[in-house]
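Asks: Sequence:
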Amino acid sequence: MWRIFDGWQVALLISGTAAARNEAVKGVISALMDALKRQDYRSAARLFTPAMQGVPGEICQFKTRLHDIADPALPPRGYRFLSSRAEGEDLVQRLLVRDGAGATHLLESRMVEAEDGWRVDGMRLLPVPRRARGRLGWR
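For the sequence shown, the residue numbers in numbering that gives the first Met the number 0 are 0 to 138.
Calculated directly from the structure, the hints in this document are not laboratory data.
Treat each hint with caution, since some may be false.
What the hints assert, rightly or not - Here are the computed lysine to any residue pairs in the SDA-like style, where the Cα-Cα straight-line distance is at most 25 angstroms: (1) K36 <-> F80; (2) K25 <-> M122; (3) K25 <-> D67; (4) K62 <-> R109; (5) K25 <-> I68; (6) K62 <-> D33; (7) K62 <-> A17; (8) K36 <-> Q52.
Said to hold, decoys possible - Label pairs and their in silico Cβ distance ranges: (9) S29 <-> H66: 17 to 23 angstroms; (10) G87 <-> D33: 35 to 41 angstroms; (11) A30 <-> V91: 14 to 20 angstroms; (12) L124 <-> E86: 34 to 40 angstroms; (13) Q38 <-> A18: 30 to 36 angstroms; (14) D67 <-> R41: 15 to 21 angstroms; (15) A30 <-> E88: 18 to 24 angstroms; (16) S29 <-> I68: 14 to 20 angstroms; (17) I68 <-> A100: 16 to 22 angstroms.
Since we're looking at a predicted model, the values are computed, not measured.
Just so you know, even glycine gets a beta-carbon here, dropped at the ideal spot from N, CA and C.
Can you make the complete structure from the sequences, with help from the hints?
Replies: Pasting the structure below:
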């Protein structure tokens, strides 16, 4: 039997799906930040796509690649989620990262949905906007 949905019902379904996707992505990034705080690169690598992981079992190569991308922000002492946006089927999540010295960095992660959940498929450091500096609520 077919059911007709009103526009507001469709909007609720779509926004519920987007909210669930955003929470799943934040869960992966939180697990990544926690692994990086502990300098547990083996656990961190599991959260990336195979292309980003590099050669299986070669954690040193992964660690080098990660430090090439985001060295100033590693290891993170705290982080705060900012905006996210969809780019096709991918999701791009921005977060502020506080390093061990207390400096603030803006990190952008490209997330892709794999068969077993969301994975990080790319990261880059961006300039920190002046308004983002100062007192922030850190995780």
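Asks: Please go over all the hints and tell whether each is borne out by the structure.
Replies: Hints, verified against the model:
1. K36 <-> F80: At roughly 16 angstroms apart (the allowed maximum being 25 angstroms), F80 and K36 satisfy the hint.
2. K25 <-> M122: Distance of about 14 angstroms is within 25 angstroms: holds.
3. K25 <-> D67: 23 angstroms, holds
4. K62 <-> R109: 18 angstroms, holds
5. K25 <-> I68: It holds: about 20 angstroms lies between the C-alpha atoms, which stays within 25 angstroms.
6. K62 <-> D33: 15 angstroms, holds
7. K62 <-> A17: Answer violated: K62 to A17 is near 32 angstroms, above 25 angstroms.
8. K36 <-> Q52: Status holds; Cα separation ~18 angstroms.
9. S29 <-> H66: 17 to 23 angstroms: Check passed, 21 angstroms falls within 17 to 23 angstroms.
10. G87 <-> D33: 35 to 41 angstroms: 28 angstroms, violated
11. A30 <-> V91: 14 to 20 angstroms: 18 angstroms, holds
12. L124 <-> E86: 34 to 40 angstroms: 18 angstroms, violated
13. Q38 <-> A18: 30 to 36 angstroms: Since Q38 and A18 have Cβ atoms about 32 angstroms apart, the given range 30 to 36 angstroms holds.
14. D67 <-> R41: 15 to 21 angstroms: 18 angstroms, holds
15. A30 <-> E88: 18 to 24 angstroms: Given range 18 to 24 angstroms: holds, Cβ gap about 21 angstroms.
16. S29 <-> I68: 14 to 20 angstroms: About 19 angstroms separates the Cβ atoms of S29 and I68, which means 14 to 20 angstroms holds.
17. I68 <-> A100: 16 to 22 angstroms: For A100 against I68, whose Cβ atoms are near 19 angstroms apart, the range 16 to 22 angstroms holds.
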